[in-house]
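Colleague: These protein sequences, in sequence, are chains A and B. Everything in the first sequence is counted per this note's numbering, starting at 11 for the first residue and increasing by one. Everything in the second sequence is counted per this note's numbering, starting at 11 for the first residue and increasing by one.
I should point out that these hints are in silico values taken from the structure, not numbers from a laboratory. Note that the coordinates shown come from a computational prediction; the quantities given were computed from them, not determined experimentally. Don't take each hint at face value.
Copies of one chain are not kept apart here, so a pair can be met inside one copy or by any two copies together.
[Unchecked claim] Calculated cross-link-like contacts (lysine-lysine; reagent style DSSO-like; alpha-carbon spacing at most 27 Å): (1) K34 <-> K74; (2) K170 <-> K34; (3) K74 <-> K170; (4) K170 <-> K86.
Chain residues, written in single-letter form:
2 protein chains.
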Amino acid sequence: MSDTNTWQGVQDEVRRRIRARQWKPGDLIPNEADLATEFGCARTTVNRALRELAGAGLVERRRKSGTRVALHPVGKAVIEIPVIRQEIEAGGQRYGYGLLTHGTARPPARVAYALGLGDAARTLHLSAIHLADGAPYVLEDRWINLAAVPQAEHHDFSRKSANEWLLETVPVARGELAISAQPCGPDEARALDVTEGTPLLTLERSTWGLDAPVTFVRLWHMPGHRIVSPIAG
Amino acid sequence: MSDTNTWQGVQDEVRRRIRARQWKPGDLIPNEADLATEFGCARTTVNRALRELAGAGLVERRRKSGTRVALHPVGKAVIEIPVIRQEIEAGGQRYGYGLLTHGTARPPARVAYALGLGDAARTLHLSAIHLADGAPYVLEDRWINLAAVPQAEHHDFSRKSANEWLLETVPVARGELAISAQPCGPDEARALDVTEGTPLLTLERSTWGLDAPVTFVRLWHMPGHRIVSPIAG
DNA sequence: GACAGCATTATGTATGCACATATTCGAGTC
DNA sequence: GACTCGAATATGTGCATACATAATGCTGTC
């Protein structure tokens, strides 16, 4: 599997040469045709190997110029954003869910801004708690743009979380994630059973459909929560 | 560019059908050969389009079974981990750097555990502050495994940050990132000029070389710091 | 009916070829 | 010397074909 006539094998060999400093950062490496000859494989194979390395940020490629080893190989951490139920069940814990508040409301300025809505927009505001083995796991504060998802207004969110319902109902085009550390406010303190001011890891996610903003959600994780992810290299 | 005889065009069309619910989550979609016929292109082209969609998590593929639309399209947020100097300069601010403490020390249990070292290991301990326009931006607490990077012991880290020096010096194979919210301790309060207990966004990064752990670093960001990243869809 | 083994099928990959496209470089022109 | 334009070149992509590989399901045997 590590032979240089498979694209994986070629990629491994190129990685090895870069790590071994045979090809140093900034260096121009041989062109695809030459490498193909050296490795005894087709140019297509070398192309795929190098293309994926470029995607990973290890090399930079430009037509006519050639391929060079990246100067500052930008590490990339890929954070997977699963449905919360699955996140909890994957950890071997029992999932619980409770809807706390529910009603239509004007979006606060922060939310309107994040979604690019006017303050006159009608939104559905939900507050819900997700439990792991009966204990609070994360507090969810969500606004749904009723102009984009009108059927949400009369939907029953008391059993299934809006998270899952939206995924099944609305096609999602793109989104944005913001991670920050916030002090626990009075509402969060009550819902999570935590003393006020405690640092909470906070995730804010904006989601857009094909043309309209769909939802903004803020997740307050329990103290000590960690997001862990491998770094691609 | 959106014609269905380029892999981009095929991918766009498949995305469109999924978003339009023509192919719903869980559905089996036609096989590559049939799609190639329909789109009037080679199977290779369809293959590349679907392969990348699978990588993005929008579809799931299994040999013999076929390709089906993902049930819970797992959103992926890719966080780029640049060198801190570049992060600051990219924001149009002036970068500053100061080494606070420097010396060899036994790694604390937490660090030894994260790197998989015994407590007897010799490490270099550095503490440094990164400034943006003269104001504290992030506090860095770093341990370097001297068994893996012996030349670090007598290197001068007062001018250039260990971050950049290590990238240029040691080939990195893999790493792990943990994000959490921590209360500001007394040392951090002094270095960042922040009152104790304030929530700080904390990043912990472990890095391994080819066979040995290289470094563990903890970054304490200023209050209010946000990590923002697009979500792939 | 249980099970081993084989045929089937869809994806995965390699190859040789052709042509597209971006970029560089140098020749020719003023 | 500056500038324009075309040749050269490395990557990007598409195609037809062949074979590899994994998973499924069927078939025959006991």
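Colleague: Please sort K170 with K86 into within, between, both or neither, judging by C-alpha distance up to 27 Å.
Modeller: between (33 Å within a copy, 23 Å between copies)
Colleague: With identical chains, the pair K34 and K74 could be close in the same copy or across copies; at 27 Å between alpha carbons, which is it: within, between, both, or neither?
Modeller: within (20 Å within a copy, 43 Å between copies)
Colleague: Within, between, both or neither: how does the pair K74, K170 come out at a Cα-Cα threshold of 27 Å?
Modeller: The answer is neither: 54 Å in one copy and 34 Å across copies each exceed 27 Å.
Colleague: As a check of your reading, is K170 near K34 (CA-CA no more than 27 Å) within one copy, between copies, both or neither?
Modeller: between (53 Å within a copy, 20 Å between copies)
In summary, the structure is inconsistent with hint 3 from the numbered list given earlier, while agreeing with all the others.
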